[in-house]
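Going line by line, the protein sequences match chains A and B. With my numbering, the residue at position 89 of the first sequence is 89, and numbering never jumps. With my numbering, the residue at position 5 of the second sequence is 5, and numbering never jumps.
Treat the hints with care, since some could be wrong.
[Unchecked claim] Quick look at which bits of chain A chain B covers, simulated, 3 or more residues with Cβ under 8 Å:
1. 21 to 29
2. 87 to 96
3. 152 to 164
4. 170 to 178
The set of hints was computed from the structure by calculation and includes no laboratory data. Keep in mind the model is a prediction, meaning the values are calculated, not measured. For every residue, glycine included, the Cβ atom is placed at its ideal position computed from N, Cα and C.
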Amino acid sequence: MSLITIEKKVLEANNSIADENRSKFKEKGIFSINLISSPGSGKTSLVEQTIIHLKDKMKIAVITGDIQTNLDAERIDKFGVPVVQIITNGGCHLDASLVRNAYKEIENEDIELLIIENVGNLVCPSEYDLGENHKICVMSVTEGDDKPLKYPLIFHHSEAFVINKIDLIPYLKCSLDEMRNNAVKVNPKLKVFSTSCYSCEGMDEWTKWLFHQCRM
Amino acid sequence: MHEVSIASEIIEIVRQNLPDGFDNKVKSVKLDLGEFTNIVPEALKFGFEVLTEGTELDGAQLIMNILPLKIECQICENVSLTEPGYFFCVKCGTDKVNIISGKEMKVVEIEIYD
Ligand SMILES: Nc1nc2c(ncn2[C@@H]2O[C@H](COP(=O)(O)OP(=O)(O)OP(=O)(O)O)[C@@H](O)[C@H]2O)c(=O)[nH]1
Ligand SMILES: [Mg+2]
Ligand SMILES: [Zn+2]
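With the hints as constraints, model all of the structure from the sequences given.
Spelled out as C-alpha cells, the structure:
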C-alpha cells in the first residue's frame, strides 16, 4: 500500500479554462456577467429589458443556458443582438468549457457587454467560475424574503443582487427590506437592486450601474 | 445535483496522479470538503460509487474531511466558528472578517494497492 499526496482543487480544470475565458474577454474589451437564479425568476426578462435600455449605448451579446430548448435564445434573437443557446441536456449548471465553446460562435462580433444567462438553478451554478467579471444573483419576490439565508453561497459569490417582480409585492407577504437585509447579512458588499420587468421600475438604476461597471 | 460532475472531476484528478503503468486498485481517496459549499456529501459519495463501478477505482473509499466555516477577525485576530449570514467577530463585533476555512473542495491524497 502506498500514499500519493495530491493537494489539488477539485474544480481546478474548470477554473483554468475560466481564467482563459477571462483573459480572452479582457483582451477583446468585453465585460461579462453571469446571471444566476432559480427557474423562472426572470433572468431572460431582465436580459430583454437590459438590452432595451442599453443597446444604443453599447454592443451586447448573450449566451444563454438551458437544460432543453432554444426558447430563450429565440426571445433574445428578436432584439437583434448576437445570441448563442447552450443546451446542457440535463446538466444543472454551465461550466467554463461550455462557455468557451459558445463564445467561439460569436468571437468575430464586436462585443462590449456579454451577458451569460445560467441554467435556472440557485444551487449548482454558484460553484462554477465561467470567466465572468461579476456573478449577479436574481430572485423574484414570490420566492420569499428568507431565501437569501437558505441559499447563502450564491449571495456570497455575487457582486450584485437583483430583486425582481416587485410589481407583485401588493399581493404577497414578502418584505423587500427583509429580503435585502438577509442578502446583505450573507454578503455586506452586495449591491442590491429591485426591479420589475413589467412596469420597468428600477430598470434605470440597474442598467446605469451595469453600464458604469463595463466602462470602469 | 451537480455532485455527479464534481465526482467525475475527482476521478479525473485521481487518474492523472496514478503512477505510470499502474494496474492495481485504488484503496481510498481523501477529500477536504468545506461546509460552505453546495455539496451534499451523501450525493457526492453516491455519484463517486456509480461512476467508479468496474474501473480501477471500483470499491475505493471516498473519505471526506468536512471542514467547518471559520472566520478570523482582521482587527483583533479572534478565530471563531460561524454560519453563513453571521460574518462578524464574536469578540469585537466588527464585520471585517476573513473566511479561513469552509470553502475547500480539494483532493488531498490517495492510497493505492501496490
Ligand atoms: N409580474 C412579473 N412577472 C415577471 C417579471 N419578470 C418576469 N416575469 C415573468 O416570469 C416568468 C419567467 O420569466 P423568465 O424571464 O422566463 O425567467 P427565467 O429566469 O429566464 O426562466 P428560466 O430561464 O426558465 O430559468 C415569465 O412568465 C415572465 O413574464 C416581473 O418583473 N414581474
Ligand atoms: Mg431564461
Ligand atoms: Zn474582532
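Tell me the hint numbers this structure goes against, listed in increasing order. Of the numbered hints, 1 and 4 do not hold.
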